[in-house]
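> In case you want the letters, here they are:
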Amino acid sequence: MILDVQNGCFEYLSGKPILKNIMFHLDGGQIMAVMGRNGIGKTTLIKCIVGILPWSEGFSTIEEVRSQVNKPIKSIGYVPQAHKVSFAYSVRDMVVFGKVGHQSYLAAPGKNDYALADDILDKMGIYDLRDHSCNELSGGQLQLVFIARALINSPRLLVLDEPEAHLDFRNQIRLLNLIKNVVSENKIACIINTHYPNHAMRIADQCFLLGEHDYRVGLTPEVMTEENIRTYFGVHSYSHQFQYNGEAVTTFTFLDEV
Amino acid sequence: MNRERNSQYHNVIAFLLLLLIIITVFAVFVGQYSISLSDLLDIITKKTDQTTGNTLKTAEHVLFQVRIPRIILAGLVGAGLSISGAALQGTFQNPLVSPDLLGVCSGAGFGAALGILLGNGSGLFTPVLSLAFGLISVLLVYFFTGTKNNINTLSVILGGIIVSSIFTALISLIKYVADSAETLPAITFWQMGSFANATYHDIKISFIPVVTGIVGLILLRWKINLLSLGDEDCYTLGINPNSTRWLIILFTALTTAGCVTVSGVIGWVGLVIPHICRKFVGVNHGYLLPASCFAGATFMILVDTAARNLTAAEIPVGILTALIGAPFFAAIYRRGKKTR
Numbered sequence: 004m005i006l007d008v009q010n011g012c013f014e015y016l017s018g019k020p021i022l023k024n025i026m027f028h029l030d031g032g033q034i035m036a037v038m039g040r041n042g043i044g045k046t047t048l049i050k051c052i053v054g055i056l057p058w059s060e061g062f063s064t065i066e067e068v069r070s071q072v073n074k075p076i077k078s079i080g081y082v083p084q085a086h087k088v089s090f091a092y093s094v095r096d097m098v099v100f101g102k103v104g105h106q107s108y109l110a111a112p113g114k115n116d117y118a119l120a121d122d123i124l125d126k127m128g129i130y131d132l133r134d135h136s137c138n139e140l141s142g143g144q145l146q147l148v149f150i151a152r153a154l155i156n157s158p159r160l161l162v163l164d165e166p167e168a169h170l171d172f173r174n175q176i177r178l179l180n181l182i183k184n185v186v187s188e189n190k191i192a193c194i195i196n197t198h199y200p201n202h203a204m205r206i207a208d209q210c211f212l213l214g215e216h217d218y219r220v221g222l223t224p225e226v227m228t229e230e231n232i233r234t235y236f237g238v239h240s241y242s243h244q245f246q247y248n249g250e251a252v253t254t255f256t257f258l259d260e261v
Numbered sequence: 002m003n004r005e006r007n008s009q010y011h012n013v014i015a016f017l018l019l020l021l022i023i024i025t026v027f028a029v030f031v032g033q034y035s036i037s038l039s040d041l042l043d044i045i046t047k048k049t050d051q052t053t054g055n056t057l058k059t060a061e062h063v064l065f066q067v068r069i070p071r072i073i074l075a076g077l078v079g080a081g082l083s084i085s086g087a088a089l090q091g092t093f094q095n096p097l098v099s100p101d102l103l104g105v106c107s108g109a110g111f112g113a114a115l116g117i118l119l120g121n122g123s124g125l126f127t128p129v130l131s132l133a134f135g136l137i138s139v140l141l142v143y144f145f146t147g148t149k150n151n152i153n154t155l156s157v158i159l160g161g162i163i164v165s166s167i168f169t170a171l172i173s174l175i176k177y178v179a180d181s182a183e184t185l186p187a188i189t190f191w192q193m194g195s196f197a198n199a200t201y202h203d204i205k206i207s208f209i210p211v212v213t214g215i216v217g218l219i220l221l222r223w224k225i226n227l228l229s230l231g232d233e234d235c236y237t238l239g240i241n242p243n244s245t246r247w248l249i250i251l252f253t254a255l256t257t258a259g260c261v262t263v264s265g266v267i268g269w270v271g272l273v274i275p276h277i278c279r280k281f282v283g284v285n286h287g288y289l290l291p292a293s294c295f296a297g298a299t300f301m302i303l304v305d306t307a308a309r310n311l312t313a314a315e316i317p318v319g320i321l322t323a324l325i326g327a328p329f330f331a332a333i334y335r336r337g338k339k340t341r
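Those protein sequence lines, which keep their order, are chains A and B. In case it helps, our numbering puts the first sequence at residues 4 to 261. In case it helps, our numbering puts the second sequence at residues 2 to 341.
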């Protein structure tokens with residue numbers, strides 16, 4: 004078990020809880036998709052797990068280490084949404100920055116670290132971009148750079164906040180396949196915040212639907228039903244199954260608001 | 002290729018070092034009192050003894066007691082202010098920031114003004130006050146922002162503005178009550194920033210804070226890269242942004258207070274030198290900080306040499322750096338806009 008959340012609660016203002024009694028765990032090689040309506044607290048949940056925000060009650064551990072606000076956990080690789088940076092660092096530098104926080108306090112990255120960065124950029128197919136400035140990249144390319152940066156330390160838990168947000172369909176599929184491969188090759192755990200239930204259907208082993216007063220978590224086929232989508236998204240949907248490449252694929256089509 | 006970038010960086014540093022040496026030698030020779038090369042060689046090889054003429058003795062005095070301490074101090078202050086500027090620009094994610102961001106210059110200026118008012122500006126009294134108040138201003142900013150965990154950079158900057166205003170007003174108050182015959186001109190002249198009358202005493206006072214600060218910032222330079230990405234990214238990359246930020250602020254405060262104590266308020270160096278260096282070594286603070294150090298030292302020695310040679314009476318260095326720095330900054334800013 005890599006990630007364990009025990010009775011986690013969080014509220015910004017006392018009396019208005021956002022997260023109540025969150026309990027679930029993730030093993031290596033598992034992907035969990037977190038979904039819910041805008042503003043429901045998906046990013047808050049992620050931030051509590053990672054340690055950016057403190058749980059009001061309860062706790063979460065990554066490989067037995069509790070998340071705390073002032074002590075970043077080094078075995079987490081966090082991928083924020085692609086955003087502009089105040090200085091135009093090169094892609095290679097941006098990826099190497101992932102190493103800086105993991106060495107001794109005063110060390111500077113060496114040849115090996117840069118070689119590792121090159122290696123990861125190559126695996127992700129963006130080696131050609133290594134000398135480009137981050138501020139010149141498209142949203143999708145920058146997203147890949149951030150993922151490379153998170154992977155450079157071989158994290159045990161990979162956390163992605165809406166990674167498909169800026170990508171076209173083809174890049175979305177590439178990203179999903181990339182995540183699936185990284186997770187299964189390295190037996191790490193992964194949480195993805197996503198607004199695309201069909202993506203969850205494709206790659207997630209577990210799904211977490213966050214509602215205003217409660218939540219539902221479990222294996223994907225059990226949690227992702229038309230009824231739950233109606234309850235947690237407020238949308239009528241229709242699920243359809245078909246065969247593709249020898250695999251049974253289920254997709255949801257969204258019809259009307261409730 | 003990273004090898005290219007790395008070797009380009011090493012080339013730039015080697016060039017800057019060479020430039021520093023050349024400018025230093027140049028500064029040693031150029032002055033109101035002319036020293037010839039043969040005189041210099043004689044002095045260096047210690048050929049002066051009882052029988053040597055007065056001119057050589059005067060030359061020796063000018064060299065060792067007037068010029069060299071001045072050059073060393075200018076180099077030290079130039080390096081300190083430049084690296085502080087570069088560090089703060091990265092830490093606060095804003096290339097328009099200068100070492101005075103948190104009121105250190107105003108605080109140190111107040112300490113010096115107080116020293117000149119109460120004492121007569123000589124001895125250890127004034128420098129100690131100046132150094133103390135420079136560091137107190139940062140302490141005040143720290144207490145203003147509170148000791149909560151998630152302090153955003155905006156409140157630190159606001160704290161700096163508040164503390165800076167208070168000390169600036171207090172400096173004006175001191176000038177108001179100061180005796181206009183001697184004390185007021187002394188304070189005013191001090192504020193313009195100058196290396197005239199630099200002595201080894203000044204070097205001894207400023208050496209520890211400035212060098213400590215520079216060494217600290219050099220060791221932390223890669224962490225500044227992470228800080229410049231924003232607190233969330235910084236935290237998730239493994240560094241506590243709050244404690245690292247305050248550590249960097251402490252080192253820049255040490256350096257800046259140490260510089261201002263011995264040279265007065267010299268503006269624009271901390272702002273412009275990092276900008277120039279970015280054009281040659283890029284934005285990575287791992288390379289920018291050492292480059293700013295050398296470039297700042299060279300620049301300051303050059304400007305100080307101009308300050309004491311351009312006219313018969315000396316021009317305070319702070320005036321020259323503003324006259325050179327501000328238009329220069331306007332020029333690079335405009336050029337930058339055109340290319341966009």
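If you're looking for bench data, these hints aren't it; they were derived computationally from the structure. Glycine included, C-beta positions come from ideal geometry on N, C-alpha and C. Any given hint might turn out to be false.
Output of the computed footprint for chain A on chain B, the stretches with three or more beta carbons under 8 Å from beta carbons of chain A [to be verified]:
#1 88 to 95
#2 209 to 218
If you want the ones that stay clear, here's a sample from chain A, every Cβ over 12 Å from chain B, calculated [stated by the list, open to error]:
#3 Y117
#4 D164
#5 V185
#6 E230
> Confirm or reject each hint.
Each hint tested on the structure:
| no. | hint | in the structure |
| --- | --- | --- |
| 1 | 88 to 95 | holds (count 3) |
| 2 | 209 to 218 | violated (count 0) |
| 3 | Y117 | violated, 5 Å |
| 4 | D164 | violated, 10 Å |
| 5 | V185 | holds, 17 Å |
| 6 | E230 | holds, 36 Å |
Consistency note: the structure conflicts with the earlier hints numbered 2, 3, 4.
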